[in-house]
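Q: What follows is the residue order along each chain.
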Amino acid sequence: MQDELTKEQELQLNEWLEASAANQETYDRVTRLYREELADYPLYAAAREDEAWAKVQRRMGKGKARVLTLKSWAAAAAVVILVAGAGLWYFSAKNGAVGYATTAGQQRSVSLPDGSTVVIGPQSRLSLARGYNKTNRTIELIDGEARFDVVHKADQPFEVDMDAATIRDIGTSFTIDKTADSIVVRVISGRIVFIQNENRKSTEIAAGGAICLYTGSRRAEGIRETAAGGADSLRFVDAPLSLILVNLEMRTGKRITLADPAVAQKRLTLNLEGEAFENALEVICSSAGLKYTIRDGTYVLERKE
Amino acid sequence: MSYRSATMSPEEEQIWQAIRQRDEQIFEAYYKANYRLFFLASCKYLRDPEAAEEIVNDVFIRIWEDALTLDIQASLKFYLYRAVVNQSLNALDKRKRERLRHEELREDLRAAEEWEEMEDNELKLKFYKAIDELPDQCRKVFKLSRFEGLKQQEIADRLGISIKTVKNHITRAMKDLHKVLFDYKHLPLWLMAVNYFFWCHH
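Chains as they are written, first to last, in my numbering: chain L, 1 to 305; chain S, 1 to 202.
If we strip away everything but chain L, and leave its shape as in the complex, we get (with noise of 0.2 angstroms):
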């Protein structure tokens, strides 16, 4: 490098060499990391942060929950909001009763004291009655989404209550989306028996199937049931967007996701039937106004900026 430099230049890099000790070896490491090139900016140009934290959240989700436990709350108060710095977890609590709650972008695995275990979507809320594993064990699920993997007891069923409906387990992988108008559960694995709290009708539902209550302002529509590999199943009017990647899902075995569960409210028109998977989800992304990514084998869907 030096015999590149003009006398001046060469004069002038002598004297601060000499300068001190401290500046020669200065020069040398300069001249060592050019002389690599900066080889490796390829890798980092390539480096995603924000999807290698999205592995690192999920693996921090397997972890055991904090939980709190408050003491005699009013019975008409909302929630409590307990928060250490970013609010990651609030816990809401009734009567003694445990909650968990998360926010947007964060899923949570938890583990319950009879082994069954719970994996709570984003901005999804839900409590262990109190007593749970003792008395009873029954869940309230107020709002959003979970996926419960149950340890079956036959002394004692395992519940899930949702004001509309409750589902009681007969040994069970299960999952919930609670929306505003809509309860949809797909079953993974084994049985439940979905009971309609108004007229405490019940329908078994096996693994594959799938079924949506509208409540709320959509109560007039009654229910729907998806068996597994239904002859209708792709073909839908008007119906909610989980209902629809519940069929998706069911007939294709792929995993969807939304990122934004309130997206999961959308009505939405649609023929599906003799679409490949991957169009499919197109149409549903262009007529819902959303994209889609694949993260880890799961297609996230994620409203368009």
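These are calculated hints, taken from the structure and not from any lab test.
Just so you know, not all the hints are guaranteed correct.
[Claimed, not checked] Far from chain S, some chain L residues (derived; all Cβ distances over 12 angstroms): (1) 29; (2) 40; (3) 113; (4) 142; (5) 152; (6) 159; (7) 175; (8) 199; (9) 222; (10) 235; (11) 249; (12) 256; (13) 260; (14) 276; (15) 279.
[As the list claims (entries may be wrong)] The following label-pair restraints were derived from C-beta to C-beta distances: (16) 8/L to 157/S: 32 to 40 angstroms; (17) 25/S to 260/L: 15 to 23 angstroms; (18) 140/S to 8/L: 14 to 22 angstroms; (19) 8/L to 174/S: 18 to 26 angstroms; (20) 72/S to 180/L: 21 to 29 angstroms; (21) 126/S to 273/L: 20 to 28 angstroms.
[To be verified] When the alpha-carbon atoms are kept at most 27 angstroms apart in a straight line, the in silico BS3-like pairs for lysine-lysine are as follows: (22) 175/S to 7/L; (23) 32/S to 55/L; (24) 55/L to 129/S; (25) 32/S to 291/L; (26) 7/L to 179/S; (27) 151/S to 140/S; (28) 55/L to 164/S; (29) 140/S to 164/S; (30) 124/S to 143/S; (31) 304/L to 44/S; (32) 167/S to 7/L; (33) 124/S to 151/S; (34) 254/L to 201/L; (35) 164/S to 129/S; (36) 44/S to 55/L; (37) 55/L to 77/S; (38) 291/L to 304/L; (39) 124/S to 179/S.
We treat Cβ as the ideally placed atom computed from N, Cα and C, and that holds for glycine.
Place chain S on chain L using the hints.
A: Positioned in the frame of chain L, the structure of chain S alone reads:
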């Protein structure tokens, strides 16, 4: 800062305490701000981006889980850096490690030398970040010249611009990148060294 004076800065202390108090937002921000430093450090040994990512994540998850029992007196960043490097070395299979022992590995590296290595990597990342922040066309010209080794005429032909424009872009890139390097050690030498490095390729 030298290795001997490497203790936690007040800012790092705040971050560490926040992590110990399970503040996931702070943890996430710290992770994202430093991910590439640790990622590149691991890639240097593993040459495998996926494995490097996993090692960085392993280290961060461990620090999250063990935060209450860990006692970190020195720099948090250096602690994590050494953990990533050590775990990367451990991940190499025996055969590779023995070969590398004679070539690049410095398993008996003193802590002070590791500290300097981390500082060098931080400088490199600042340089890379400055490249990312160059205006679009300027960045394209710089990358074609620096990383693809094209001559000025070749760059002009590829981008459909004049040689004069290529030279202007290179001058602009040099000014911006020089600021990063000058801030590092306040050296006019840097300008000469970088100028040499750049112009000797053309």
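Q: If a hint holds in the structure, say so; if it does not, say that too.
A: Against the structure, the hints come out as follows:
The claim that residue 29/L is not at the interface with chain S is violated, since a C-beta of that chain comes within 12 angstroms of its own (minimum 6 angstroms). The claim that residue 40/L is not at the interface with chain S is violated, since a C-beta of that chain comes within 12 angstroms of its own (minimum 5 angstroms). Its beta-carbon lying about 22 angstroms from the closest one in chain S, residue 113/L satisfies the requirement of being farther than 12 angstroms from that chain. Even its closest Cβ contact with chain S, about 22 angstroms, leaves residue 142/L beyond 12 angstroms, as expected for a residue assigned away from the interface.
For residue 152/L, the requirement that its beta carbon stay farther than 12 angstroms from each beta carbon of chain S is met, with the minimum near 31 angstroms. The Cβ of residue 159/L sits about 31 angstroms from the closest Cβ of chain S, beyond the 12 angstroms cut-off, so the non-interface label holds. Taking the minimum C-beta to C-beta distance to chain S, about 24 angstroms, the non-interface status of residue 175/L holds against the 12 angstroms cut. Look at residue 199/L: its CB is around 44 angstroms from the nearest CB on chain S, clear of 12 angstroms, so calling it non-interface holds up.
The non-interface label for residue 222/L is consistent with chain S: the shortest C-beta to C-beta separation is roughly 42 angstroms, beyond 12 angstroms. For residue 235/L, the condition that its CB be more than 12 angstroms from all CB atoms of chain S holds, with the nearest at approximately 41 angstroms. Remark: the non-interface label on residue 249/L is consistent with the geometry, its nearest Cβ contact in chain S lying 27 angstroms away (cut-off 12 angstroms). Annotated as non-interface, residue 256/L keeps its C-beta farther than 12 angstroms from every C-beta of chain S; the closest such distance is 25 angstroms.
With a cut of 12 angstroms on Cβ distances, residue 260/L stays outside the contact zone with chain S, its closest approach being about 19 angstroms. Residue placement check: residue 276/L keeps its beta carbon more than 12 angstroms from all beta carbons of chain S (closest about 29 angstroms). No beta-carbon of chain S is positioned within 12 angstroms of the beta-carbon of residue 279/L; the least distance is around 30 angstroms. A hinted range of 32 to 40 angstroms holds for the C-beta pair residue 8/L and residue 157/S, which are about 35 angstroms apart.
In this structure the hint that residue 25/S and residue 260/L lie 15 to 23 angstroms apart at CB holds, the actual value being about 19 angstroms. Taken as a hint, the range 14 to 22 angstroms is violated for the pair residue 140/S and residue 8/L, whose Cβ atoms sit roughly 34 angstroms apart. The beta-carbon spacing between residue 8/L and residue 174/S, approximately 19 angstroms, falls within the hinted interval of 18 to 26 angstroms. One distance hint, 21 to 29 angstroms for the beta-carbon pair residue 72/S and residue 180/L, is violated here, with the actual separation near 47 angstroms.
Distance hint check for residue 126/S and residue 273/L: the Cβ-Cβ separation is about 55 angstroms, which falls outside the suggested range of 20 to 28 angstroms. Of the supplied pair hints, the one linking residue 175/S and residue 7/L holds, its CA atoms being roughly 23 angstroms apart against a limit of 27 angstroms. Restraint check: the Cα-Cα separation between residue 32/S and residue 55/L comes to about 12 angstroms, which is no more than 27 angstroms; the hinted pair holds. For the hint pairing residue 55/L with residue 129/S, the CA-to-CA distance comes to about 24 angstroms; that is within 27 angstroms, so the pair holds.
This hinted pair checks out: residue 32/S and residue 291/L have alpha carbons roughly 25 angstroms apart, not beyond 27 angstroms. The suggested pairing of residue 7/L with residue 179/S holds, with an alpha-carbon distance near 25 angstroms, which does not exceed 27 angstroms. With a C-alpha separation of about 13 angstroms, the suggested pairing of residue 151/S with residue 140/S holds against the 27 angstroms cut-off. Between residue 55/L and residue 164/S the CA atoms are separated by roughly 47 angstroms; this puts the pair beyond 27 angstroms, and the hint is violated.
Distance restraint check for residue 140/S and residue 164/S: the Cα-Cα separation of roughly 15 angstroms lies within the 27 angstroms cut-off, and the hinted pair is therefore satisfied. Taking the CA atoms of residue 124/S and residue 143/S, the gap is about 15 angstroms. The hint holds against a cut of 27 angstroms. Restraint check for residue 304/L and residue 44/S: the C-alpha separation of about 37 angstroms exceeds 27 angstroms, so the hint is violated. A distance of roughly 25 angstroms separates the Cα atoms of residue 167/S and residue 7/L; the hinted pair therefore holds under the 27 angstroms criterion.
A threshold of 27 angstroms between alpha carbons decides the hint, and for residue 124/S with residue 151/S the separation of about 24 angstroms falls inside it, so the pair holds. With a CA separation close to 31 angstroms, the supplied pair residue 254/L and residue 201/L exceeds the 27 angstroms bound. For the hint pairing residue 164/S with residue 129/S, the CA-to-CA distance comes to about 26 angstroms; that is within 27 angstroms, so the pair holds. The straight-line distance between the Cα atoms of residue 44/S and residue 55/L is roughly 22 angstroms, inside the 27 angstroms bound, and the hint therefore holds.
A distance of roughly 21 angstroms separates the Cα atoms of residue 55/L and residue 77/S; the hinted pair therefore holds under the 27 angstroms criterion. With a C-alpha separation of about 6 angstroms, the suggested pair residue 291/L and residue 304/L falls inside the 27 angstroms cut-off, and the hint holds. For the hint linking residue 124/S to residue 179/S, the alpha-carbon distance of about 13 angstroms falls within 27 angstroms, and the restraint holds.
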